[in-house]
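K.L.:
The listed protein sequences correspond, in order, to chains D and W. By the UniProt record's numbering, the letter at position 144 of the first sequence is numbered 144, and the numbering carries on one by one without gaps. By the UniProt record's numbering, the letter at position 405 of the second sequence is numbered 405, and the numbering carries on one by one without gaps.
Calculated directly from the structure, the hints in this document are not laboratory data. All clues stand as given, with none of them false.
Ranges between beta-carbon positions, derived for each pair:
id: 1; chain 1: W; residue 1: S431; chain 2: D; residue 2: S228; range: 34 to 40 angstroms
id: 2; chain 1: W; residue 1: E511; chain 2: D; residue 2: R363; range: 30 to 36 angstroms
id: 3; chain 1: W; residue 1: S431; chain 2: D; residue 2: P232; range: 41 to 47 angstroms
id: 4; chain 1: D; residue 1: V168; chain 2: W; residue 2: E511; range: 36 to 42 angstroms
id: 5; chain 1: W; residue 1: H502; chain 2: D; residue 2: G193; range: 51 to 57 angstroms
id: 6; chain 1: W; residue 1: I162; chain 2: D; residue 2: A458; range: 40 to 46 angstroms
From the three backbone atoms N, C-alpha and C, an ideal C-beta is built for every residue, glycine too.
2 protein chains.
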Amino acid sequence: MMSTAGWTARLLRAGRQSPLTRCQAHGTSVQRERAFHAGSPRWSAPIDSAVGASRSARRWTSTVPTRVARVGIVVIAAGLAYSLVAPAPPVLAESPDELPPNQRLIRLDEIHEHNRTADTYWVFRGDKVYDITDWVPNHPGGEVILRAAGGSLEPYWNIFTIHQKQEVYDVLEQYFIARIDPRDLVDGKAPTGQVEDPFKYDPVRDSALIQHSERPCNSETPESELRSYITPTEKFYVRNHLWVPNLHEADSHRLTIELFDGEEVVYTVADLRKKFKEYSITATLQCSGNRRSHMTQASRPTNGLQWGVGAIGTATWSGVRLRDVLADAGLDLQEPDENIKHLKFVGAEAYGASIPIDKAIDRHGDVLLAFSMNGQPLPRDHGFPLRVLVPGHVAARSVKWLSKIVISDEESTSQWQRRDYKCFGPNVRASHPDWDSAPAIQETPVQSAITSVRRVQADQLLDSALARVYGLEEDSVVLEGYAFAGGGRHIVRVDISPDRGHTWLQAQLQEDGAKMGASGSPDDHRAWAWRQWRAAVPATQVSGKFCVKATDDSYNVQPDTFEPTYNFRGNLANAWHRVPSAKKTTHE
Amino acid sequence: MMSTAGWTARLLRAGRQSPLTRCQAHGTSVQRERAFHAGSPRWSAPIDSAVGASRSARRWTSTVPTRVARVGIVVIAAGLAYSLVAPAPPVLAESPDELPPNQRLIRLDEIHEHNRTADTYWVFRGDKVYDITDWVPNHPGGEVILRAAGGSLEPYWNIFTIHQKQEVYDVLEQYFIARIDPRDLVDGKAPTGQVEDPFKYDPVRDSALIQHSERPCNSETPESELRSYITPTEKFYVRNHLWVPNLHEADSHRLTIELFDGEEVVYTVADLRKKFKEYSITATLQCSGNRRSHMTQASRPTNGLQWGVGAIGTATWSGVRLRDVLADAGLDLQEPDENIKHLKFVGAEAYGASIPIDKAIDRHGDVLLAFSMNGQPLPRDHGFPLRVLVPGHVAARSVKWLSKIVISDEESTSQWQRRDYKCFGPNVRASHPDWDSAPAIQETPVQSAITSVRRVQADQLLDSALARVYGLEEDSVVLEGYAFAGGGRHIVRVDISPDRGHTWLQAQLQEDGAKMGASGSPDDHRAWAWRQWRAAVPATQVSGKFCVKATDDSYNVQPDTFEPTYNFRGNLANAWHRVPSAKKTTHE
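Chain D on its own, in the form it takes in the complex:
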């Protein structure tokens, strides 16, 4: 479940080496490198080729595959690029490698050589130079860090402001190897150059979405749009962790699959379409932060976007089955190597996450490499031209703009796998959690929400199905909402209380519009999509708040209240949804 040689342990291991030892080691490495980079390579790189530095990164993973036969290198897009003007001609550093970092001087041009195309990566901040090679595999944000290799960290930290804190400065200081030669400094600092804003190619969004953040875009589906079984594509919630990669060519987009022995197999989207059978599944995606604001309101502040009930949506996704592609690439689905445990996904913007291998190869797992949503090509915000669709799992595993899959013995090392998407106990504080003590969220617990509360007069109810089911002859309140459980578990019951939980009645589950799994069975046992529900109660029985709670087919239920499941990230907020009975509907 939780690896004993976990992530935190590896961080400590990487950081434990003394700067001196590390500097010496890399002094050698640097000299060797020079033989390869004989010229003075101009430091520039396509902004979206975040993948490809795994060779040197692998040196620090204890369980690396030994045979590395690269079949192809992923080049995702060529559109974006950034540039930095080198201010002075190259001059050899005066300091011998033996000097302590504070006395060793390095010229800017040498730093520029240690860019993402090199085998060791250097960056600078102020006048200090850092060899971050060892840090790359441990960087919570993944290989996006390579954008800065060969230059200054500062323009990136101005975009990714999460880095501007002491904890990060402390990590960086462990990799200090030298100072910049004063001849290259202006006012005591090296020129940081300009970088292009990666968010500038983000698409325009529907104005009906409720925006929680713009950069990256995080926008919620309004309640009124949660009432159709299939969520309108343009109203589907957007949860981006970084920018939207500037990808425009579908057919030529390349997906690299790295097998367990290191061999890589590359498919273009056109290859996938041509070579494999297409399947469609109707599946609900839900952010682990859905209803986080309810936890915050009922309990204490939480870190993260304060979503309401709309970080969820349902679509019909089409693509090819991941298991078919893995088998074609060379994975033995029947008897996989017993060390294979996880499948890592990397997006073109460098977002990373993983799922257990069992889910990926399960005949009923229905994991897709999807290229369409509701019959149309994926919108750019939802992963154009290719995303993973992992039904029944938290949406954070359905990686968008998919560029690479790695068959691995360990989980993705990204912060989104090893930190952000976990729940700790209500007593655990955000300052120093034991990150490895909780598993990454995969399947999600049973959830439900009220999306509409309407008072309806007796004569309007007359002869309606609801009036018949509930025997209503008087003014009533009609409630609507959704219920959903992860892991393919069916919703078997939704209970509604009109009086704060004192009495209950059962909601009417609306038709299950998602009967077909990718396995092709018309009544597959897995439930990948939500069930919507309706209920009505006489207005006279309403007292205090409405409550809703759902039950799944393992008879798991939602907790009564938030405080006992409070976690500082505010993940998986699934206590009963309580709505004031006097709540005005916004959409009727």
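Chain D is already provided as a structure; the job is to place chain W on it using the hints.
P.N.:
What follows is chain W alone, placed relative to chain D:
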């Protein structure tokens, strides 16, 4: 999930035919029967051959397989028998078949002919005769009803007293076909005869078990015995629905597998041992009634045995994999007929239950046909010589004294599948539930309990692991307990509150002693067994009640309180376990 043409519908259909129509139909049948039973067969049958009446029963199932090729008939045991003395010589009934039931007279000897070896089954009560042939497939208790065929119901109803209520009398009345000829009556009633008490062969139980009922035996493991990872075999809770079949021969015990086309394949236990590889799994079995008494105390009365925390236990079970046996018998595991949905199990005492076919054939499902428990032959109370072991599912599906498996398109029709082991909403009353509206319990929700509360003085704690983990330097309270989730979901966290749920700390999970699944993988993803835990808090922090709640790896949690998950059967009582902090430990 829930069949629309469900059980209740079939009951209504069977009952809807008018007595006259049915009587006429069977008049013809009776005459045909006479040609076969030309002699005057003595009415006696082995008490344990409850299986074998399926031919006529099948006529009333709409989806029966058409080709019935019987390879063998299961005869489970010959030891038990009952006898009935026929009081008068046979005389032909005077009434023609056309008369209404009240005017038609039948002699006792003719009734005796309609025993379990016949194609139609008659019983009597008082002076009234009933043709129950159509009722057999709908009988909630299964084919155990055939024990009474050909004679009086009354001695059985004196044993199975659940029948002594108006609802049952009403069902019986629908099958009324005639009265007994007055020449065979004594004081207006026919002699009911004597039947052997089927419970007389029940084994002697360990005196430490907490007995909730004797006939059938339902006995709970005391808290003190829940603290070892493997529950001592003789202290393992006993949950019998009927008597313990009088089976003493292991090797020759026969298991019949009925394939979907009706063909039957028979294996003796010796065959199973010889032909298939043996596997062992450590798995927890839990009754759905575990902790029912807590629900009753916290909420309202519930129907069923009032178990405490001890209707649960863990053992290492050994046997052969069900999927291997099914494949050998002829089931295509890769592409099973799409109409195959369930696997029905029948015990030698006529208990019946079923599981979804997917669980049975899943490579990681680990369903065993077990013949040993903790390295010894199964005790008679736990299914000697053969039981099913369905890990991760409610124990009621792990059918003991296994005699028959039926590959089917529908669930078992037993009351234990279609009625007793379900949960309804807190508002649903026991009187008239819509039985089909809830699914049969299979996988169980996350559960936990406190099994020990001890006050320990500071000097006794000194240098203990608990003192180090919790930083204890003062008198403390040490808690112990277990946590378990169904479906193979791991327990990832156990939270303890020393103050009614206001503050929480994490318990220390004890070593997972069950790392091996039947699939042979040493760290199989499925968790089939409980995790035990320990925690300690300074005595000064204790206030009010201790609470415990667990979280599984889908981040499902236990509900805070019982009332909102109250169900009239008291099943799956998994609200936080609350224990008075002043509770005296009974075992230290």
